[in-house]
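Asker: Protein chains in written order, with the working numbering: chain A, 3 to 123; chain D, 14 to 161.
I should point out that these hints are in silico values taken from the structure, not numbers from a laboratory.
Hints are not guaranteed to be accurate.
Okay, the calculated bits of chain A under chain D, using three or more residues with CB under 8 Å as the criterion [stated by the list, open to error]:
(1) 14–24
(2) 38–52
(3) 64–74
(4) 81–94
Not close to chain A: a few residues of chain D, all C-beta gaps over 10 Å, as computed [stated by the list, open to error]:
(5) Phe58
(6) Asp70
(7) Glu129
(8) Arg132
(9) Arg142
Note that beta-carbon positions come from the ideal geometry of N, C-alpha and C, so glycine has one too.
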Amino acid sequence: MNSIFLYYCTKAGLDLAIVNTEKLERFASIPAQERELAENLLFSHPPKDVPADHSNAGLLRDVPADWREQSKQQRAAVNQHYLAAIAEHFRTTKKKEKARAADVPLDERLANYIIEGTRDV
Amino acid sequence: MIDTTDPTAIELALTFCQGKAILNSINLEDGEEKFERVVPIAHEFGAAVVVGCIDEDKLQAQAFTRERKLAIAQRSYKLLTEKYGLGPEDIIFDPLVFPCATGDENYIGGAVETMEGIRLIKQALPDVRTILGISNVSFGCRRGRGKS
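Please take these sequences and the hints and turn them into a complete structure.
Answerer: This is the structure we're talking about:
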């Protein structure tokens, strides 16, 4: 979420940012699905493909794209919808297993060291 | 970056700083008082100043909407450049970041307002810089993978 927010702030003209660089995921290495989850929440995008039996289906349909034009109830419903989607995603997605360095071919290993950085000596 | 608004501490710190220093931070929450105490010292030492988009508003001192972020930045800019003689390049505006994952309805839309606030400030005052404390946006998220 921080990476994606930073990305759009930079595009809007942000010059400086205080971040934890060690923990900050690079924008380009975030899977498209996770990026969309965060973007939906940050921008309060109109939800797509809301099931008819969704408990808040009425509020989640025909939502204006600009959050300022959404009603108070719509805003809250949209926010809750995406918070739940994010929680669900991270509950059901297993942590990525990092391949052990020794199992990766040398040229790939070197590329990883350059892109990811390394503490191995 | 010198993280205090105590004038004595700032002055002492600046005498030990090599190169460009940044003072963190001033705002108009108590009117011009902080400006008066801090800016002349910054000016004397050539330091830059972080200015938060906050004013005396009783209900919501911290600017939430893009319009208020811009209005406070413009008011601060006018004071700093005209009254205190600070160069625009020594002004760093903090348009503020609000948490968007806490479920607090008052903060919905905050991320968009911050982005658009940056855009408006940079359009109106192209010579200043902007800064944000990014992680506030995800405040309240469980710590874990993908959330940093």
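Asker: All hints are to be evaluated individually against the structure, with a verdict given for each.
Answerer: Hints and how they fare:
1. 14–24: holds (count 9)
2. 38–52: Three-residue rule met by the region 38–52 of chain A, so holds; n is 4.
3. 64–74: holds (count 3)
4. 81–94: This one holds; 5 residues, not fewer than the three required, reach chain D with a Cβ under 8 Å.
5. Phe58: holds, 20 Å
6. Asp70: holds, 19 Å
7. Glu129: The claim breaks: Glu129/D does not keep its Cβ more than 10 Å from every Cβ of chain A (closest is about 7 Å).
8. Arg132: violated, 4 Å
9. Arg142: violated, 4 Å
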